[in-house]
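Colleague: With the hints as your guide, set chain B onto chain A.
Which chain is which? The protein sequence lines are A and B, in order. Note that the first sequence covers residues 1 to 260 in this note's numbering. Note that the second sequence covers residues 1001 to 1126 in this note's numbering.
Any given hint could turn out to be false.
[What the hints assert, rightly or not] Some chain B residues near chain A, calculated using beta-carbon distances under 7 Å: (1) His1046; (2) Pro1047; (3) Glu1094; (4) Ser1098; (5) Glu1099; (6) Tyr1104; (7) Leu1105; (8) Asp1109; (9) Phe1113.
These are computed hints drawn from the structure, not numbers from a lab. Remember, predicted model here, so these are calculated numbers, not experimental data. Glycine included, each C-beta is placed from N, C-alpha and C at the ideal position.
Each chain, letter by letter, is given below.
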Amino acid sequence: MSSIKLTVSLFLISLIFTSKTVSAQAIQSTSTSLDVTVAPGEILPVSVKLSNFGGGKRVDVLISYIIASDSGNEIVKLSETVAVETTNNFIKNIQIPKSSSEGVYTAKTSVVYDGQVTPANTEFSFKVEKKIFGIFKNQFYLYFGGIIIFGILVFIVTQILSSKQNRNLSRFSPIDYSNIDSKDRVFYELVSDTIMGMRHKVGDRALDIASAIEGLSINRETGRVIKLSRTPSKIIAELVLGYEKSLGQKISFAFREPRR
Amino acid sequence: MNKTILVIEDEKASRDLLVRVFQKENFTVLQAENGKTGMKTALDMHPDLILLDLLMPIMGGIEALKEIRKTKWGKTIPVIILTNLSATDEKLVESMISERPAYYLIKSDWKIFDVVKKIKEVLRIN
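Extracted from the complex, chain A is given alone in its bound form (with noise of 0.2 Å):
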């Protein structure tokens, strides 16, 4: 008498799936969790091994393939026969219909041989799941709204960062001098870029500094030079070491390009 042990794996990505094990002569089951899904009209692919106990006599055995829905609509009906001597592995594609509707499925598999005692059969479930943009509806819903997660939080940085830099911008941007006759000009913008540089630096201490050099009036609130009544260089020159002192390194500036 031939007994014949059925193990039905699948295989998909790196998932290996274990269905339940019936052999002919005890009962031994063993599963792990699944987690398999494939999209309609995509294979199943289904690893099959026959383990023939029956003293290496070979047997013709009949296999059937269902693939059956929850509400157990058979959506796949397959046979075939095999001949098994002591082993038979082989991988059985299984195409799921592409009219499929989403949901969990079981692939049922039975094998039919002369002489057989008890049943041999196993099943496994797996999910139906449609494709969007060749990824997986839920995993396209994870990874879609993962992206509007990141580009709102992108948006909300960037627009902080802006605000920020314009508040910056609008603290220490030049100050325009057209009002000031274009020879002494430079030395007004000389000044107050430096002012404003030192500010950016040591904040409002900078205008304290300013304030106190004789010969330089400024105004405390804006930092705008109002009057420059000593020699440009000589004030730039006390300016600069002021800050110097204040800050404790030296001070580098920017010179604005001529007007044109």
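Modeller: Coordinates of chain B only, in the frame set by chain A:
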């Protein structure tokens, strides 16, 4: 378009570093070790920008810049001062105002890649 920078710097180590970084940034780089050769190179080669140290032997940066500014070409050539000399001297400030460099940068205050940024800004390179 490939822009040319003239580096006038007496300290060899600093000059070599600047030259190497600017070359990596695809600038054509000319170099001089003092104000006199720097001025001559500038007037002969007409670079697009001069990076100028102030304290140098033979001829200082200010004198070289004054000579360069006397020429028609030199009047508008952008110059960036890169020095350790603090602008706390009235005469130096006066010279700066009259010779109009684009920037007066203190070496210790500036990382070399920030200097590259300033150069690109002055040369209007993205």
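Colleague: Let me know if the C-beta of B:Pro1047 comes in closer than 7 Å to any C-beta of chain A, holds or violated.
Modeller: Constraint on B:Pro1047 not satisfied, violated at 19 Å.
Colleague: Any CB of chain A closer than 7 Å to the CB of B:Tyr1104?
Modeller: holds, 5 Å
Colleague: Using the nearest Cβ pair, does B:His1046 come within less than 7 Å of chain A?
Modeller: Cβ of B:His1046 sits 20 Å from chain A, so the hint is violated.
Colleague: Does the interface hint hold: is B:Glu1099 within less than 7 Å of chain A, judged Cβ to Cβ?
Modeller: violated, 10 Å
Colleague: Hey, does the B:Asp1109 contact hint survive, CB to chain A under 7 Å?
Modeller: holds, 5 Å
Colleague: Given B:Phe1113 as an interface hint, is the shortest Cβ-Cβ distance to chain A below 7 Å?
Modeller: At 15 Å from the nearest chain A Cβ, B:Phe1113 fails the 7 Å test, so the hint is violated.
Colleague: Could you check if B:Ser1098 really has its C-beta closer than 7 Å to a C-beta on chain A?
Modeller: violated, 9 Å
Colleague: Can the hint on B:Glu1094 be confirmed by a CB-to-CB distance to chain A that is less than 7 Å?
Modeller: holds, 4 Å
Colleague: Going by Cβ atoms only, is B:Leu1105 closer than 7 Å to chain A?
Modeller: Because about 5 Å separates B:Leu1105 from the closest Cβ in chain A, which is inside the 7 Å limit, the hint holds.
Consistency note: the structure conflicts with the earlier hints numbered 1, 2, 4, 5 and 9.
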